[in-house]
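Participant: Given only the sequences and the hints, what does the whole structure look like? Please build it.
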Amino acid sequence: MGSREALEETTAAGGKTIDPLLQAYRWMLTARLLDEKLATLYRAGRIHGGVFMGKGQEALSVALGQGLQVTDIYAPLIRDGAGRLAFGETIHDALRNCLGSPQGPMRARDGNVHRGRPRQGYLPMLSHLGAMISVVGGMLMARRIQGKPVGVGATCLGDGGTSTGAFHEAINLAAVERLPLVLVIANNRYAYSTPTEKQFACHSLTDKAIGYGVDSHSVDGTDLMACRNTIFEAIDQARRGHGPQLVVADLLRLCGHGEHDDAPYIKDQLKASPLGRDCLEVAADQLLGERVATKNQIETIRQEIVESIETAVAEVSRESLPCLTHYDWCSLSTRRLADGVS
Amino acid sequence: MGSREALEETTAAGGKTIDPLLQAYRWMLTARLLDEKLATLYRAGRIHGGVFMGKGQEALSVALGQGLQVTDIYAPLIRDGAGRLAFGETIHDALRNCLGSPQGPMRARDGNVHRGRPRQGYLPMLSHLGAMISVVGGMLMARRIQGKPVGVGATCLGDGGTSTGAFHEAINLAAVERLPLVLVIANNRYAYSTPTEKQFACHSLTDKAIGYGVDSHSVDGTDLMACRNTIFEAIDQARRGHGPQLVVADLLRLCGHGEHDDAPYIKDQLKASPLGRDCLEVAADQLLGERVATKNQIETIRQEIVESIETAVAEVSRESLPCLTHYDWCSLSTRRLADGVS
Amino acid sequence: MTYLNAIRDAQHHLLETDPRVFIYGQDVGEFGGAFKATKHLAEQFPQRVLDAPISEDAMVGTAIGAAIEGMRPIIEMQFADFSTVGFNQIVNHAGAFFWRTDVPIPITIRLPSGGTSGAGPFHSQSLEAIYAHYPGLVVMTPATVEDAYSMLIEAVQINDPVLFCEHKYLYYHLKAERLPEHSLPAGRARVARPGRDLTVVTYSAMLHEVLEAAHELDSEGIQLEVIDLRTVKPIDTDTIIASVARTGRLLCVGESWPWGGVNAEVVSRVAAEGFHLLDAPPKRINAQDTPIPYHPDLWSVHRPTARSILMAARELLRI
Amino acid sequence: MTYLNAIRDAQHHLLETDPRVFIYGQDVGEFGGAFKATKHLAEQFPQRVLDAPISEDAMVGTAIGAAIEGMRPIIEMQFADFSTVGFNQIVNHAGAFFWRTDVPIPITIRLPSGGTSGAGPFHSQSLEAIYAHYPGLVVMTPATVEDAYSMLIEAVQINDPVLFCEHKYLYYHLKAERLPEHSLPAGRARVARPGRDLTVVTYSAMLHEVLEAAHELDSEGIQLEVIDLRTVKPIDTDTIIASVARTGRLLCVGESWPWGGVNAEVVSRVAAEGFHLLDAPPKRINAQDTPIPYHPDLWSVHRPTARSILMAARELLRI
Ligand SMILES: Cc1ncc(C[n+]2csc(CCOP(=O)(O)OP(=O)(O)O)c2C)c(N)n1
Ligand SMILES: Cc1ncc(C[n+]2csc(CCOP(=O)(O)OP(=O)(O)O)c2C)c(N)n1
Ligand SMILES: [Mg+2]
Ligand SMILES: [Mg+2]
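Those protein sequences? They're chains L, H, V and B, same order as listed.
Mapping of the first sequence onto numbering that gives the first Met the number 0: position 55 corresponds to residue 54, and the numbering continues sequentially without gaps.
Mapping of the second sequence onto numbering that gives the first Met the number 0: position 265 corresponds to residue 264, and the numbering continues sequentially without gaps.
Mapping of the third sequence onto numbering that gives the first Met the number 0: position 142 corresponds to residue 141, and the numbering continues sequentially without gaps.
Mapping of the fourth sequence onto numbering that gives the first Met the number 0: position 139 corresponds to residue 138, and the numbering continues sequentially without gaps.
Accuracy of the hints is not assured; some may be wrong.
Pair ranges (Cβ atoms, derived) [unchecked claim]:
no., chain 1, residue 1, chain 2, residue 2, range
1, L, Gly-339, B, Glu-180, 49 to 55 Å
2, H, Gly-339, B, Pro-179, 36 to 42 Å
3, V, Tyr-171, H, Gly-146, 33 to 39 Å
4, V, Thr-304, L, Pro-263, 34 to 40 Å
5, B, Glu-176, H, Gln-268, 44 to 50 Å
6, B, Pro-179, H, Asp-277, 49 to 55 Å
7, B, Arg-245, V, Glu-180, 54 to 60 Å
Hints listed in this document are in silico derivations from the structure and should not be mistaken for laboratory results.
By construction, the Cβ of each residue, glycine as well, lies at the ideal position given by its N, Cα and C atoms.
Facilitator: Take a look at the structure:
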């Protein structure tokens, strides 16, 4: 079972090997451009409900998606477009879920960031923050009981999500059971409008690890190379039996909570601080610095992505609508037990 | 507003001042003997449901009850008979709640350890572990908003209770609001039959304080003088504006979870360890060592207590039963809004 | 004046006139709340409109404690759906406290409820039946701008825990000229439209679907009598029975799930207390028994609509 | 063989025959559970009967995850009342997962339910109505030793989340000679006692109060037909309607709170689908609309009893 990185090298377009760092950048940029496209579709009234973007969080997100193996478990959160792509989600699936295509992973029943393919170890988030952690833990426990290779289970949370009882119960349980869980906390300084000082009083979120008896890692979430190093290390530690790993990344949400929110509450001082760096620019500089790509190549990549997004939007837009006649309103897999359904 | 200790000195029987340490011992012993009496009544079928005892936890419990002032807030838990007495509960009230007297604080509607007088800052516990902490926090917040003297709010939890989401949310909130909350954790090694290693994985429960950014204290829960020192210190810190204080006491539950449980699961090794010391014996030795009391005096105290418990049982037993005809089945204070009640 | 503004103004009025009132919830402070129901309130009442961490259980516990100390907290849940995380404190602590201790718990929990297009399974729920099943709670479901205002004020004045189920679809869709000077007390239903042929009992956003159906049927010479429950616990059985006595027929319409709930309770009461008044079997319409779908088209047929109500009414009148 | 032993034996059978089954809950391991429903199971199946921390939310989440990976977890709540802490995972995650993803969640959550003397407000609750209101959940309420056994086995075999409401009062009070070889499938009600005068629909511990009342009325020449629902979601409407067709009268008896719930749902269905079969208004008896009282005397009049059922039946027959 190869890592995603190895996989990439053999499966890259045209049989060419592609450098993992460049591949990470490609996914980050795809996520960013896809978000922007979604925002446009939302403003055009083609997406109802909301659009939630990962701007500023792509480096952190992609590192986790990229560090996992295909047999691992991944339960991303609201701002994990990049990680989803790295874990194997297609642009089409992301679009389908937002546009409500019945061919999408949630078949138009759930939408936007609530998407996944559980059979492939890729979980759709519940809205209720913190709820995914114990589910990932349960998947790991099941594999252990079954005597199968357990792999690693990874999931994400925001600074705000750490205030939930669900987070506490789940990480504590994982620590007791010493599960190979990687929990990545994106401390992007705000939960919707609420700043961290109204969310917790510890010096650093890594302090929480001490209280659970688990390992912790902290990383500059704007720095792609640092995120890859730290998260790969955390995944490796979990895989090697060191129990749950808490990764805390420092960054800033570079957008509103959702596309509807222009986030006047985000302090200029934070925007001007190193936390406010755009991880995409940092990553581009790293690519250039490492001589993994040239400016021209990056520009070509951008154009390729824009094109593939446009194509995908056109294709998904042609997919059928949910068929309302004889729609299957049955919430049980055991049809005979469905109350009032025939 | 004097402390309970000061109060004691002036109000002790016969106008005599009584040494606070001896008073603590008296409450501890009262709690122990009352528990034993309740167990007898339970076995005799006079108490239904269950009896939950504080054997081994009296020193810790009394220290908290004794350290609080009458205007403070106290939300004790299952094993806090001694603290309840110290905070001002009468033997009669304790018995009434267990025997189901309509004259009891919960008027026979709730029973055993679920008793309190909220108007006096003394809260009746909800069964759901962890649920009292945020309520105490809310009382403190209310006083702060009202601009009244806030005082201190104290509540208790077991090692098992630290696994609840309720605990996490409440202590985190208290830390953010920097409330004068004292949370005493009795790490008595078991939650019902479950040992601590299946409950948490941190080295010491005081480590949790770091994760919340609050102060912590640890103490030998079998040692009355140590408990008094540590808990008085924690209360003092809270009162002086240092925010929530987490006190972790090490001890062993010297009884079953309830009177129905003979606790075969408690390890002999633990019983034989210093944790297994009976805090009542340790306290007696301290009294003798400090020359606060003689063996004879202790024996006299015991006899006085036995007598007052017997008297109280006799008196409470004569109290009326709930009157079933025209019983008031109205769960709202606003009667006109009670559905189906006339 | 929108339904949402009425809620904001009611809170403003409460903060201004009652020092015991404070508001606690995620992003309710400077930001003014996810739906702007507390807009500018923190500026005017800085110590009494407070941001909470993402801790619904502790938020409700905090409110209970504050109520014990004589305050009248308003808790804003960001969405009704998230109250499931604070469920234990609501139903077991707040709901049982007065009965256990004789100390009332005057808290109001605002639940932005009900479906809107694209909101999906976890930002659309109507939980009135869940809370009404437990003892010790009052459950309000205002359907008009006027009720949104006056009932919220009343909710906070009531000495017991009130679940205030405000409907998100009505936030912007519903407007009124001015705020009411008088209003019915909590616990009293309102005949929203008189009619002689069929009693339709409903509440919250469904009132407007029902009124639309009633309007349409009017042109066919069919008169629906529409009752807006206003509070679903307690239920004003008298007003319902009196109407059924006039019409002989009952249709109940609710946006929540079909098993149990308000409709079942209303039908059961009428069947028990008004059996001989009924000329035809009573009927219920609810949402489908599935999570609330994301896709706007699915959503629009998941819950009852003027169209499905109209069809049900016609069918019931044919019997 | 007691009701409790039947539950233990069913779990033993499941562990023995299905490697996908494991049990997770507080004190279920070596200790054998607060009620001894898992006694000796950990010895025989050491890696599959596991103690959980006091974390109901995470326990249910764990079960959901395990189910996704192909396991069939049984979660023991120490008391049904504590499931309110795991509420969100149960209703929103487990209940909605299949509909959202097409991946079924075969978990069984055992809820030691119902009142016993002296248990008080938080160790006595009957929450079947709460769970039945949500889509995506099956809710079982076995009333006999045989059903405790066979329905628990079926619950675990069912591909969807099942709330298994086992009644604590029946644990020791109810005994049977042997375990059943055949049994009705889930979703089917049982005519527990045939009769011609009045249909009484009930479930769980109340079945036995109803049977006692029926026995007593028998000597007066009055025959109750008693229906044991067995599962309250789905409800076997056909069996109920068929009975009402014979008797013309309906009484519903449940131990839970009066507002909404099983009784309201049954009455509503009969009123809608069997209106013309009814010779008298249908009637419901429930517990009082307050928390469950601690004092044995109060408790004994808080819930329906053979006596109050008898009185209600007589009254209904007088009409
Ligand atoms: C239990 C719960 N309460 C409230 C919400 C509403 N809500 C959605 S996102 C959000 C803020 C989350 O902040 P954070 O965890 O820091 O993540 P970020 O948005 O910054 O990525 C809130 C309050 C929720 N989803 N779940
Ligand atoms: C939320 C919740 N789950 C389960 C229970 C059942 N229960 C009552 S006491 C107890 C053990 C408590 O252990 P601990 O917190 O260590 O306190 P101790 O009994 O040792 O004093 C359990 C599981 C409960 N009361 N609340
Ligand atoms: Mg954040
Ligand atoms: Mg303990």
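Participant: Could you run down the list of hints and mark each one as holding or not?
Facilitator: Evaluated hints:
1. Gly-339/L - Glu-180/B: 49 to 55 Å: With Cβ atoms ~31 Å apart, the hint is violated.
2. Gly-339/H - Pro-179/B: 36 to 42 Å: 39 Å, holds
3. Tyr-171/V - Gly-146/H: 33 to 39 Å: 38 Å, holds
4. Thr-304/V - Pro-263/L: 34 to 40 Å: Distance hint for Thr-304/V, Pro-263/L holds at roughly 38 Å.
5. Glu-176/B - Gln-268/H: 44 to 50 Å: 45 Å, holds
6. Pro-179/B - Asp-277/H: 49 to 55 Å: 51 Å, holds
7. Arg-245/B - Glu-180/V: 54 to 60 Å: 57 Å, holds
When the structure is compared with the earlier hints, a violation turns up for hint 1 alone.
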